[in-house]
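Engineer: Here is what each chain is made of, one letter per residue.
2 protein chains.
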Amino acid sequence: MKFNNFKGERVFTPGPVEIPDRIREVLGRQIIHHRTKEFTEAFLETRELFKRLVDCPSENFVFFASSGTGAMEAAVLNFFSEGDKVIAVVGGKFGERWSELGKTYGLNVIDLSVEWGKSVNPEDVEKLLKEHPDCKGVLVQMSESSTGAYHDVKALAKITRDRDTLLVVDAITALGVYNMKPHEWGIDIVVGGSQKAFMLPPGLSMLWFSEKAQERLKPRSYYFNVKKEAEKQKEGQTAFTPAISLILALRESLEMLLEVGMDEVEKKYSKMSQGVREALKEIGCQIFPENPVISLTAVLPPEGVNADELRKAILSMGIRLAGGQGKVKGKIFRISHMGMDYLDVVQALSAIELALNQLGKKVRYGSAVGKYLEVISS
Amino acid sequence: MKFNNFKGERVFTPGPVEIPDRIREVLGRQIIHHRTKEFTEAFLETRELFKRLVDCPSENFVFFASSGTGAMEAAVLNFFSEGDKVIAVVGGKFGERWSELGKTYGLNVIDLSVEWGKSVNPEDVEKLLKEHPDCKGVLVQMSESSTGAYHDVKALAKITRDRDTLLVVDAITALGVYNMKPHEWGIDIVVGGSQKAFMLPPGLSMLWFSEKAQERLKPRSYYFNVKKEAEKQKEGQTAFTPAISLILALRESLEMLLEVGMDEVEKKYSKMSQGVREALKEIGCQIFPENPVISLTAVLPPEGVNADELRKAILSMGIRLAGGQGKVKGKIFRISHMGMDYLDVVQALSAIELALNQLGKKVRYGSAVGKYLEVISS
Chain A
58 MKFNNFKGER
68 VFTPGPVEIP
78 DRIREVLGRQ
88 IIHHRTKEFT
98 EAFLETRELF
108 KRLVDCPSEN
118 FVFFASSGTG
128 AMEAAVLNFF
138 SEGDKVIAVV
148 GGKFGERWSE
158 LGKTYGLNVI
168 DLSVEWGKSV
178 NPEDVEKLLK
188 EHPDCKGVLV
198 QMSESSTGAY
208 HDVKALAKIT
218 RDRDTLLVVD
228 AITALGVYNM
238 KPHEWGIDIV
248 VGGSQKAFML
258 PPGLSMLWFS
268 EKAQERLKPR
278 SYYFNVKKEA
288 EKQKEGQTAF
298 TPAISLILAL
308 RESLEMLLEV
318 GMDEVEKKYS
328 KMSQGVREAL
338 KEIGCQIFPE
348 NPVISLTAVL
358 PPEGVNADEL
368 RKAILSMGIR
378 LAGGQGKVKG
388 KIFRISHMGM
398 DYLDVVQALS
408 AIELALNQLG
418 KKVRYGSAVG
428 KYLEVISS
Chain B
58 MKFNNFKGER
68 VFTPGPVEIP
78 DRIREVLGRQ
88 IIHHRTKEFT
98 EAFLETRELF
108 KRLVDCPSEN
118 FVFFASSGTG
128 AMEAAVLNFF
138 SEGDKVIAVV
148 GGKFGERWSE
158 LGKTYGLNVI
168 DLSVEWGKSV
178 NPEDVEKLLK
188 EHPDCKGVLV
198 QMSESSTGAY
208 HDVKALAKIT
218 RDRDTLLVVD
228 AITALGVYNM
238 KPHEWGIDIV
248 VGGSQKAFML
258 PPGLSMLWFS
268 EKAQERLKPR
278 SYYFNVKKEA
288 EKQKEGQTAF
298 TPAISLILAL
308 RESLEMLLEV
318 GMDEVEKKYS
328 KMSQGVREAL
338 KEIGCQIFPE
348 NPVISLTAVL
358 PPEGVNADEL
368 RKAILSMGIR
378 LAGGQGKVKG
388 KIFRISHMGM
398 DYLDVVQALS
408 AIELALNQLG
418 KKVRYGSAVG
428 KYLEVISS
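In order, the protein sequence lines correspond to chains A and B. So the first sequence is residues 58 to 435, counted in this note's numbering. So the second sequence is residues 58 to 435, counted in this note's numbering.
Chain A on its own, in the form it takes in the complex:
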């Protein structure tokens, strides 16, 4: 069967994700200058929308012209000093990144290893913190995109909030998906990235911080200077040239998310991911993480099917899924829900049904899609 698609590849990858037309229109506009009333107003509007997104009126957040890793670096370089003891939860590729970043900048990093696919047990964090009362921070992912595992940052915040320890959350594939309330929950630092649930091209990152974190704000970076940026940005300006088009497109994206409402957005992704998990189990797949996130699903293919061969067959149909990274390379495939609508997902599930049959793993056509429709309509 040849597909001879007229349209380009559809990206069901956990970042970058498809850009809605409404945002593409903004991205294709003529540039405006950033040292203008027009930009300042747009930027301040964007900031107002962002406050609604994180449900907190504070001005303690900044945007950087960088990918998400830049904002992770900013977290390390603005809120921790050389020699500071921190715990890094390492249960996937992005947990490893926290650990590497900390070590690069002279932090005393205690790696809390978690089996890939498992979520960290908050009690283990509490125990470690009791052993190390001088621990200045806990660095963790809310959504560990490499394994699809959810780390319960709400539970972790209950442990850190009354301690002299900052809870630093990489929410790159969680912000804009979950109805996150970092202030209410007691999280200290939240890091986000544009090419995930915000449905923008990569190149814009965000860092939100609590009042407790603010007391520890001591910038060690010139480019990623949270203090200087926060002061400028609350007035609608930036220390260095901002990613103008991405800021304007972020305003559009935040409007889209908030028109729906973050409660509804979370419900949508929750239902969608539940549908995908049940659909895939219906055709012999297993869900890789024990406690999955709702922004993406990491999947073990049926016995005897190689994940990368499956992805290759699906790609020939015009659907791009993500593979495994690091330790689970070739073992799992990952399907993103970010930026997707309910009916988009049936394309990916149909392609999986087709590809499995093609690879000799017979599944009844319509069984995954049927299950998905059943779940989402219930």
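None of the hints are false.
Pairs count within a copy or across copies, as identical chains cannot be separated in the list.
In the BS3-like style, the derived pairs of lysine-lysine whose C-alpha atoms are separated by at most 25 Å in a straight line are:
(1) 160 with 284
(2) 238 with 108
(3) 150 with 284
(4) 160 with 275
(5) 289 with 275
(6) 94 with 388
Simulated from the structure, these hints should not be mistaken for laboratory data. Bear in mind that the values here come from a model prediction, so they are computed numbers and not experimental data.
Starting from the structure of chain A, add chain B where the hints point.
Structural biologist: Same frame as chain A, but now just chain B:
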């Protein structure tokens, strides 16, 4: 006179500059994933074009998802160690930035002050280098955008090339304007930014380095790691998520520049800027820098005219010029040539003629435009 423009503001600012339709079309496209053959091929094509731009076959260059300051930071954090002695040529706002960056990261910075609007005398640099034979680097702008002054980096390279000193050139408003040949000239590091002569939105920076610089490559940054990026990027990949849309748009931009040819591009900007300078002198303005760049013109308005009032009047006509920064705030205005075509410029000059008359400084209509047309057609 009311303008009642149908079209948006035209930006004659030295970054961001107007984006040609051909590039806007690319920016408005659907996203593609970066860990793909399609992106890798496009990225490698972009790199091939960039090699032609800098007239050097070496793979010693990287792109970052950041604004230009990010690449300046990368220069300091990858090629210099704490305590290294460097000379920073400080003759404007961006020279100050080199000095600040060096000091932030523990370099022993000797500020070589140059009067704003003047260009550094290469002999002064040579003298300083003789006094400080242990000096590891000279940090300078090729085009000091805040004053419009040209620093003769070709002459400086003759001084540094046989010394153990790296010549680090911020070419953010020079690359893509001048037919730069860093390898041939003996420059060690060149920094560029997307929103200048490349006519892209901000958010992508570039750093080229010589073989001599490569020997000193010792990254101190996780995000701005030139070594890691150079290794990945020569294979068509990046260490962290790249600014996908900007890379694809850069390919388009480089194709546009190279279709014309950098020799012709430089001739165009050279003629255009000469025309602008002579036109403005015709109506009583003075050119601020002694040795002006061709990417922009910094101008002192006629006696008795306030630069900011003049700009405001021009803005009401739909033309945005830039003001002075730092020490020359309110004293000068700046008009960018980057991304402009010959006949675009007559709009700005006409607006200046109109505004001067409006502010009571009578000039003969058509005198500046006439002079400009005379110069460019000669």
